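Chemist: Read top to bottom, the protein sequences are chains E and B. Per this note's numbering, the first sequence starts with residue 99, numbered consecutively. Per this note's numbering, the second sequence starts with residue 99, numbered consecutively.
Because the hints were derived from the structure by calculation, they are not lab data. Quantities reported herein were computed from a predicted structural model and do not represent experimental measurements. Nothing false has been slipped in among the hints.
To spell it out: a stretch of chain B is covered by chain E in this simulated footprint if at least three of its residues, at any positions, have a beta carbon under 8 Å from a beta carbon of chain E; those stretches are: (1) 305–313; (2) 418–430; (3) 495–506; (4) 527–541.
We treat Cβ as the ideally placed atom computed from N, Cα and C, and that holds for glycine.
There are 2 protein chains.
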Amino acid sequence: MSLAPVLARIDADLPAATARLMELLRIPSISTDPAWRADCARAADWLVADLQSIGFEAAARPTPGHPMVVAHGGEGAPHLLFYGHYDVQPVDPRELWHRDPFDPALEETPKGTVIRGRGASDDKGQLMTFIEAFRAWKAVHGRLPCRITVLLEGEEESGSPSLVPFLEANAAELKAGLAMICDTGLFDHDTPAITTMLRGLLGEEVTITGPDKDLHSGMYGGAAMNPIRVLARIIAGLHDEAGRVTVPGFYDGVEELSPELRAQWEALGFDGAAFLGEVGLSVPAGERGRSVLEMIWSRPTCEVNGILGGYAAEGFKTVLPAKATAKISFRLVGRQDPLKIRESFRAMVRAQVPADCSVAFRDHGASPASVMATDDPAFDRARRALSEEWPRPAAFIGSGGSIPIAGYFKTILGMDSMLIGFAKDDDLIHSPNEKYDLRSFHKGIRSWARVLAALV
Amino acid sequence: MSLAPVLARIDADLPAATARLMELLRIPSISTDPAWRADCARAADWLVADLQSIGFEAAARPTPGHPMVVAHGGEGAPHLLFYGHYDVQPVDPRELWHRDPFDPALEETPKGTVIRGRGASDDKGQLMTFIEAFRAWKAVHGRLPCRITVLLEGEEESGSPSLVPFLEANAAELKAGLAMICDTGLFDHDTPAITTMLRGLLGEEVTITGPDKDLHSGMYGGAAMNPIRVLARIIAGLHDEAGRVTVPGFYDGVEELSPELRAQWEALGFDGAAFLGEVGLSVPAGERGRSVLEMIWSRPTCEVNGILGGYAAEGFKTVLPAKATAKISFRLVGRQDPLKIRESFRAMVRAQVPADCSVAFRDHGASPASVMATDDPAFDRARRALSEEWPRPAAFIGSGGSIPIAGYFKTILGMDSMLIGFAKDDDLIHSPNEKYDLRSFHKGIRSWARVLAALV
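Sequences are here, hints too, so could you generate the full structure?
Modeler: Dropping the structure here:
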């Protein structure tokens with residue numbers, strides 16, 4: 099089936115596609131606050147109707163939380179599942195928005211035309227890129243390019259509580275050959291990207307207890323063990339002088355980049371100094387001898403996300419506290435086993451707790467890294483397709499953050515994922531004045547048409 | 099003037115004296131938090147009115163912080179200045195109190211009747227012991243036993259910022275022959291004590307700043323320096339393996355006990371294991387080779403009184419924080435110089451701050467240790483008077499806590515101090531469920547009547 103008329107149709111239909119996106123953006127589908135529950139349902143229904151209008155069999159399927167939109171359409175190989183989410187982040191602080199977050203508009207800016215509004219980039223604008231690509235294909239060829247399942251979630255911004263049970267209960271229906279996830283970004287303005295490495299996350303909370311109550315540091319100071327001192331020693335010992343994490347066995351399953359991927363990353367021209375400079379830093383804090391890109395994409399980390407002990411409010415209190423707590427997370431890569439690392443970390447901490455203190459742990463989740471099956475030829479085909487649309491060739495990149503859906507597709511549905519998206523670093527997702535470049539939207543739709551053509 | 103009718107009057111008036119103390123305890127005069135400023139003033143006014151009711155010329159004297167209560171009464175030698183403080187510690191963690199901290203009550207416990215409430219022991223209950231002794235003396239003899247000045251501070255629990263300027267500005271008015279400070283404890287349930295060695299206190303707040311805003315630990319984790327990690331290393335390095343403080347020059351001016359005092363302390367039969375056992379501990383945490391009594395009375399320490407950084411509330415947030423803060427205090431002994439130690443500590447911290455981070459310090463007070471002039475015959479007279487009231491003879495003891503006022507009386511007013519108090523180790527001062535034994539209150543009032551009779 100020919101691609102050129104589909105691209106032409108997309109170009110001609112852009113004003114109408116933009117108007118449709120605006121309609122969806124006007125629905126305040128904030129998932130985390132029950133006050134907007136009816137609006138989440140309304141957004142789901144809007145998407146169902148839109149998918150039905152282009153020939154999908156679609157329904158808003160109830161969950162204990164917000165509905166899942168599931169749609170089926172088309173025939174023939176490959177069978178692709180497209181994922182996006184229709185819920186959005188809250189808008190506060192509201193006063194920092196320069197227009198109503200749910201009254202979207204096109205705005206001219208020095209960097210081009212943008213679609214301004216909550217959800218424009220994360221993720222309504224992105225999910226509409228593939229729906230508009232389907233629409234154009236259907237209009238030109240009378241049918242969808244292949245068998246397509248669509249799954250649009252309404253709880254991504256509120257911890258996805260219904261996702262795992264829904265995937266488990268509907269595994270047979272949802273399993274496809276490959277999942278296409280549209281919730282990531284371009285590498286930069288001109289360089290499209292397929293995210294092929296996502297770090298995993300292990301969250302631990304460590305509480306050291308010393309005396310059985312808070313003590314007066316004058317009365318007991320010197321004689322009684324201070325749990326903050328114990329906790330500080332443990333934290334101080336988590337990295338060695340070279341910036342490596344000291345948990346025994348931590349680097350098991352961590353692999354070096356392939357020479358090809360290393361060359362690709364080097365060619366990206368990522369400016370580590372500028373990246374750090376934007377947040378007031380200049381010295382990379384990770385493992386000595388690694389590039390900043392490696393530190394955030396392909397190397398595992400250990401961070402203390404929070405610490406609290408004793409009197410931390412205004413003023414001073416000479417307390418020798420009973421307890422001190424730290425929240426510690428590990429970003430995981432490659433084949434690192436989160437559960438083995440949890441056990442090793444806990445054993446290492448226990449070994450450092452002095453006779454008089456005790457330690458308690460709380461589990462804040464454990465998910466392994468996702469490394470995509472880039473040897474699937476679909477990855478190279480998609481990369482070439484994207485490279486034809488954008489000024490610079492597409493890159494396989496990593497992502498420091500976690501996108502749990504890819505892990506769930508793998509573990510629950512046995513399905514690999516390809517992550518393609520068109521968001522930009524300056525889209526202000528989760529912040530006031532969120533926007534999506536009109537160019538991201540337009541070229542995003544065209545990109546999906548090209549990828550579909552390359553995969554069928 | 100006869101003592102017996104004063105003691106009888108004290109016994110008869112105990113219910114009324116207890117009711118007066120309850121009234122004072124109901125005023126939440128927390129000095130460290132500006133939210134309670136009006137209550138501090140209210141506590142000062144209450145004391146002024148009470149002192150006026152027993153014939154003192156009294157006033158709440160303004161300072162840049164909370165007022166000083168100053169009262170003058172009586173005639174004839176000796177001229178004694180009585181000191182106490184009407185401010186109290188914060189109450190958090192509030193949920194560990196089994197009653198409203200500012201709704202005091204008498205409670206029957208297996209160890210006797212206690213007055214439960216914030217400030218019952220530290221220091222409202224204690225300062226009322228001498229005021230009640232004055233009241234009884236005045237009721238029986240129609241006048242006070244000698245010339246008495248009263249100074250009640252409202253900032254003792256928040257570093258006494260106004261104290262030194264106030265003493266300096268009012269030196270001529272406040273200088274007496276001897277200061278009587280009531281803010282210490284019994285040696286044990288049956289053994290009264292005159293505290294002759296007080297540790298000094300240096301309070302420092304250290305804030306490490308890394309990135310210029312809180313970061314997402316997925317996006318920046320590994321590349322951006324985490325200030326909690328920096329702070330933990332600094333804290334972990336403050337003690338060596340033998341439990342000694344590592345700040346350069348820290349032990350300058352620290353002296354060994356005289357053989358006499360060492361023998362006296364050994365004769366007290368202090369049970370270090372029981373002392374630690376009462377708070378759920380068993381291993382002395384101080385310098386290796388020192389007794390527990392030395393650790394808390396005659397050796398200097400370094401404690402972290404509070405630490406806070408990142409997200410420390412319920413749940414988990416993958417933040418890489420911009421800042422981390424610790425409140426650190428040093429207990430000082432002998433001739434240790436607080437200002438030299440502050441400079442040495444700050445230099446040591448600065449040397450450990452990596453290139454990308456910055457450090458800011460806040461000064462939370464600095465006072466040297468106090469060693470009392472026990473060759474003044476008043477000390478032996480007071481010791482004999484106390485020994486008549488209590489089951490066992492009074493002892494000269496040390497104190498781990500800091501009572502900077504004794505040092506200021508010496509350096510600013512040229513006046514020696516005698517520290518007598520009736521608090522007990524299990525009073526839970528600075529902790530939830532603070533109490534004061536009704537027996538401490540009753541025998542404390544009687545003790546002051548006896549000491550006054552012995553000194554006039």
